[in-house]
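Enquirer: Dock chain G against chain H, hints included.
There are 2 protein chains.
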Amino acid sequence: MSGPVRRAAILAIGSELLTSGRIDSNSLVITDALNAIGIDVLFKAVIGDDRAELAAAFAYAMSRVDVVMFTGGLGPTEDDLTREAVAAELGLALHEDHAITDAIRKRFEMRGWKMPEINRRQAMVPEGAVVLANPHGTAPGLWIEARGKCIALMPGPPREMKPMLALIVQGRLQARAGGIQLRRRILKIAGRSESRVEELTQPIYSRWRDETPPIETTILAAPGQIELHLSARGGDEHALTTALDRGEAAIREILPHDVFSADGRSLEEVVGQLLRERHLRIALAESCTGGLATSRLTDVPGSSDYVDRSVVVYSNTAKTELLGVPADLIAAHGAVSDPVAAAMAAGIRERSGVDVGVGITGIAGPGGGTESKPVGMVCIAVALDETVARTFKFPGNRELIKTFAAFTAVDMVRRRLLGAAANADWLQK
Amino acid sequence: MSGPVRRAAILAIGSELLTSGRIDSNSLVITDALNAIGIDVLFKAVIGDDRAELAAAFAYAMSRVDVVMFTGGLGPTEDDLTREAVAAELGLALHEDHAITDAIRKRFEMRGWKMPEINRRQAMVPEGAVVLANPHGTAPGLWIEARGKCIALMPGPPREMKPMLALIVQGRLQARAGGIQLRRRILKIAGRSESRVEELTQPIYSRWRDETPPIETTILAAPGQIELHLSARGGDEHALTTALDRGEAAIREILPHDVFSADGRSLEEVVGQLLRERHLRIALAESCTGGLATSRLTDVPGSSDYVDRSVVVYSNTAKTELLGVPADLIAAHGAVSDPVAAAMAAGIRERSGVDVGVGITGIAGPGGGTESKPVGMVCIAVALDETVARTFKFPGNRELIKTFAAFTAVDMVRRRLLGAAANADWLQK
Chain H
1 MSGPVRRAAI
11 LAIGSELLTS
21 GRIDSNSLVI
31 TDALNAIGID
41 VLFKAVIGDD
51 RAELAAAFAY
61 AMSRVDVVMF
71 TGGLGPTEDD
81 LTREAVAAEL
91 GLALHEDHAI
101 TDAIRKRFEM
111 RGWKMPEINR
121 RQAMVPEGAV
131 VLANPHGTAP
141 GLWIEARGKC
151 IALMPGPPRE
161 MKPMLALIVQ
171 GRLQARAGGI
181 QLRRRILKIA
191 GRSESRVEEL
201 TQPIYSRWRD
211 ETPPIETTIL
221 AAPGQIELHL
231 SARGGDEHAL
241 TTALDRGEAA
251 IREILPHDVF
261 SADGRSLEEV
271 VGQLLRERHL
281 RIALAESCTG
291 GLATSRLTDV
301 PGSSDYVDRS
311 VVVYSNTAKT
321 ELLGVPADLI
331 AAHGAVSDPV
341 AAAMAAGIRE
351 RSGVDVGVGI
361 TGIAGPGGGT
371 ESKPVGMVCI
381 AVALDETVAR
391 TFKFPGNREL
401 IKTFAAFTAV
411 DMVRRRLLGA
421 AANADWLQK
Chain G
1 MSGPVRRAAI
11 LAIGSELLTS
21 GRIDSNSLVI
31 TDALNAIGID
41 VLFKAVIGDD
51 RAELAAAFAY
61 AMSRVDVVMF
71 TGGLGPTEDD
81 LTREAVAAEL
91 GLALHEDHAI
101 TDAIRKRFEM
111 RGWKMPEINR
121 RQAMVPEGAV
131 VLANPHGTAP
141 GLWIEARGKC
151 IALMPGPPRE
161 MKPMLALIVQ
171 GRLQARAGGI
181 QLRRRILKIA
191 GRSESRVEEL
201 TQPIYSRWRD
211 ETPPIETTIL
221 AAPGQIELHL
231 SARGGDEHAL
241 TTALDRGEAA
251 IREILPHDVF
261 SADGRSLEEV
271 VGQLLRERHL
281 RIALAESCTG
291 GLATSRLTDV
301 PGSSDYVDRS
311 VVVYSNTAKT
321 ELLGVPADLI
331 AAHGAVSDPV
341 AAAMAAGIRE
351 RSGVDVGVGI
361 TGIAGPGGGT
371 ESKPVGMVCI
381 AVALDETVAR
391 TFKFPGNREL
401 IKTFAAFTAV
411 DMVRRRLLGA
421 AANADWLQK
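Read top to bottom, the protein sequences are chains H and G.
Mapping of the first sequence onto my numbering: position 294 corresponds to residue 294, and the numbering continues sequentially without gaps.
Mapping of the second sequence onto my numbering: position 330 corresponds to residue 330, and the numbering continues sequentially without gaps.
Just chain H, with the same shape it has in the complex:
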């Protein structure tokens, strides 16, 4: 090898990845793994099962980067061309590796099947290539060093690719990556708009670029949730962690109640842990969210320990029957109103005998909006010892409004559990 590996390209092979039905998600995992050992991804590309395009893209990548990471095109059929195209481009002959043929044959025999002859193609190895075992499929991976570059050929199915990637990165690549590392911390923020987070944090994080080690910052927005990605690069892992700790502390100081996670946990996991720690149980009454808030809360393993029940009450009759919401309260304020949300929250709390009740009622659209109660208006209430309701106006289409409302309801539970201070400055965007 001529020098340290710093620059990578990712090539995903497969005509199905050039349709609108499939997307290359392998490259996200590969990017993260390479970044973590200080290797930059300069570009990534998706190429169909076409020998000429594959060969041309490979030659191009070889001209730009130190390591080319392939996924896909290692199957047994005529369409699977990665092995052949790479070997041809590098001028390497292909030989059948009988140990691989035997391993593939055994995989078939374990299921009582005979190995089809075409699977022999998967045992073809370019001269000088290292074979990478694939315990999860028939296609082994290949590692090639040629012309001062590294080339990895990995299978396309994520289940097969991921363990192989981990071994390549921890072993062969880390040894060549020049000791530079990248550490990332993701601060997840609720209850603030993207522009408000930018406005508040930019004066702080803009100074970090000139410090040692420097911290790069990116802001990403999802419905309800803003993510601040801090990444530090350098040779001293301890210094990177210290810099990120300092960065996280500075952001938490200005958004003390809004940063809800810095360790990868979702909002639902954070709220689940709060409920579990305090031995509290929760029940929900949902209207416009149609069960989405409960579904998200119960995505967390073990959530049946603290989620007691939920009801989806679309009709006014159901609100009255299942939750005891007085019919005249609905008549007086309308089904979408703070008093009805509060009655739903208090009703589900009382009837299920739990500690925390949630009520959500709103207009998810596209129909049903009026001038005074437009599409996107959602009232959310949380009943703890006392019941508090708030009205929100969410943007977007039906699915987006449901997502915003479900996220905000769970965040409102979090703020209620954390006490008055967490609510006081909320939504002062």
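Read the hints as simulated data drawn from the structure, not as lab findings.
Just so it is clear, the structure is predicted and the values come from calculations on it, not from any experiment.
Every residue, glycine too, gets a C-beta built ideally from N, C-alpha and C.
Be careful, since some hints might not be right.
[Unchecked claim] Chain H residues, not near chain G, derived (Cβ > 10 Å throughout):
(1) Tyr-60
(2) Arg-176
(3) Ala-250
(4) Ala-331
[Unchecked claim] Just the calculated beta-carbon pair ranges, DEER-fashion:
(5) G:Gly-171 x H:Gly-302: 52 to 62 Å
(6) H:Ala-146 x G:Thr-391: 26 to 36 Å
(7) G:Lys-393 x H:Ala-332: 44 to 54 Å
(8) G:Pro-326 x H:Asp-79: 49 to 59 Å
(9) H:Gly-178 x G:Glu-127: 36 to 46 Å
(10) H:Leu-418 x G:Glu-127: 30 to 40 Å
(11) G:Ala-52 x H:Gly-148: 16 to 26 Å
(12) H:Leu-384 x G:Asp-245: 58 to 68 Å
(13) H:His-95 x G:Gly-369: 44 to 54 Å
(14) G:Gly-171 x H:Asp-79: 53 to 63 Å
(15) G:Pro-366 x H:Thr-101: 49 to 59 Å
(16) H:Asn-316 x G:Thr-370: 54 to 64 Å
(17) H:Ala-93 x G:Glu-127: 28 to 38 Å
(18) G:Gly-369 x H:His-136: 20 to 30 Å
Expert: The following block gives chain G in isolation, referenced to the frame of chain H:
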């Protein structure tokens, strides 16, 4: 122009698209739009905000295809390099277009703001380029014809890109695309495994490749749902439609009850329409799916017309209190059992006074499994005039099991509504 436009490359520009937090979804929309007028996408790539990489990738694409479709990198900041890199590579001078500057200034003034000077960069136009209006943002698009190729520069935000793409495709590109069109039909299939669908349909669709016009077939799998994509290419739109009609009919003949959609509708939309047509209302009782089945049903606009209510009953007490499931039935069979699923379905149907009741109870994991009732075991019941329950074993992790179970419950409603024949051969994989 030297000849018809047949081959395209898509280049998405932006360093944020090279992180694991963001994915290029524009290319899916662009691929579909190009395919529809018979233009193949040979490859697509994501390139960071780096002048040298951008220029090299552009030069490479120009050497391979007839049309290069850019998205992103048209913003006002120093990082936005697409305009400059393309103009430099083609040797075209950039001039400020004062009409654009005025339009941008007006957008700012409408909000009471002053246009920042950096926005002038968005008004720079390479000589000979056509300016494409962007009613949804400050960055106009550009259309360039040079060296016998077409180059489109579109903004990155999908809301701004999509309408511009539609105009480019219907206008400039369709005129050059050589009259070849591609029509696609997606058959959505429930209740069969991917390999069973392949086994049943492959002998049929393999013959289509040699017919005129030929039909290409791809199989894609999502949790519970298999998609068969049929695509026909040719110059005669009527012949394409006829070929796809014939193909669809042949597939429906061997999978009469499993193909649930050929017009893009989701399973939830199909079931919603069945319920609406028959003036039926539905209520659900969910345990392991945590409200996901109801949330999916209510993703359909207007679903409040036929979804009456749902309850999520995790605890046995809640099953008894809210649904009248006898405590001794749970004691005798366990909460995850066909009799309990049936009692849940019948209970929610009776208590809410609707026509269709659904009961779902199972083990989503990762905890809670036993040898006789492992993780992934789910019992689903549908109560119509009579109540039918079935036990399933779904693979995967908690989220996947929830998704399979919710999808299957909705499909079971569909089959019950369609009558006995739709159930008879179900799940004979």
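Enquirer: So, for every hint listed, does it hold in this structure?
Expert: Consistency of the hints with the structure:
Residue-level check failed: Tyr-60 of chain H sits 5 Å from the nearest beta carbon of chain G, not beyond 10 Å. Residue placement check: Arg-176 of chain H keeps its beta carbon more than 10 Å from all beta carbons of chain G (closest about 21 Å). Against the 10 Å criterion, Ala-250 of chain H stays outside the reach of chain G, whose nearest CB is about 21 Å from its own CB. With 10 Å as the threshold on Cβ separation, the claim that Ala-331 of chain H sits away from chain G holds: the shortest Cβ distance comes to roughly 19 Å.
Take Gly-171 of chain G and Gly-302 of chain H: their Cβ atoms lie about 56 Å apart, and the range 52 to 62 Å holds. The beta-carbon spacing between Ala-146 of chain H and Thr-391 of chain G, approximately 55 Å, falls outside the hinted interval of 26 to 36 Å. Taking 44 to 54 Å as the suggested C-beta distance range, the pair Lys-393 of chain G and Ala-332 of chain H conforms, at roughly 51 Å. Checked against the given bound of 49 to 59 Å, the beta carbons of Pro-326 of chain G and Asp-79 of chain H, roughly 57 Å apart, stay inside it.
About 44 Å separates the C-beta atoms of Gly-178 of chain H and Glu-127 of chain G, a value consistent with the hinted range of 36 to 46 Å. The hinted range of 30 to 40 Å is not satisfied by Leu-418 of chain H and Glu-127 of chain G, whose Cβ atoms lie roughly 60 Å apart. Against the hinted window of 16 to 26 Å, the Cβ-Cβ separation of Ala-52 of chain G and Gly-148 of chain H comes to about 19 Å, which satisfies the hint. Checked against the hint of 58 to 68 Å, the C-beta distance between Leu-384 of chain H and Asp-245 of chain G comes to roughly 60 Å, which is consistent with it.
For His-95 of chain H paired with Gly-369 of chain G, a C-beta distance near 46 Å keeps the hint of 44 to 54 Å intact. The hinted window of 53 to 63 Å between Gly-171 of chain G and Asp-79 of chain H is violated, with their beta carbons roughly 35 Å apart. In this structure, Pro-366 of chain G and Thr-101 of chain H break the distance hint of 49 to 59 Å, their C-beta atoms being roughly 37 Å apart. Look at Asn-316 of chain H against Thr-370 of chain G: about 42 Å separates their beta carbons, and that is not inside 54 to 64 Å.
For Ala-93 of chain H paired with Glu-127 of chain G, a C-beta distance near 51 Å fails the hint of 28 to 38 Å. For the pair Gly-369 of chain G and His-136 of chain H, the beta carbons lie near 22 Å from each other, so the given range of 20 to 30 Å is met.
Checked against the numbered hints above, the structure breaks hints 1, 6, 10, 14, 15, 16 and 17 and satisfies the rest.
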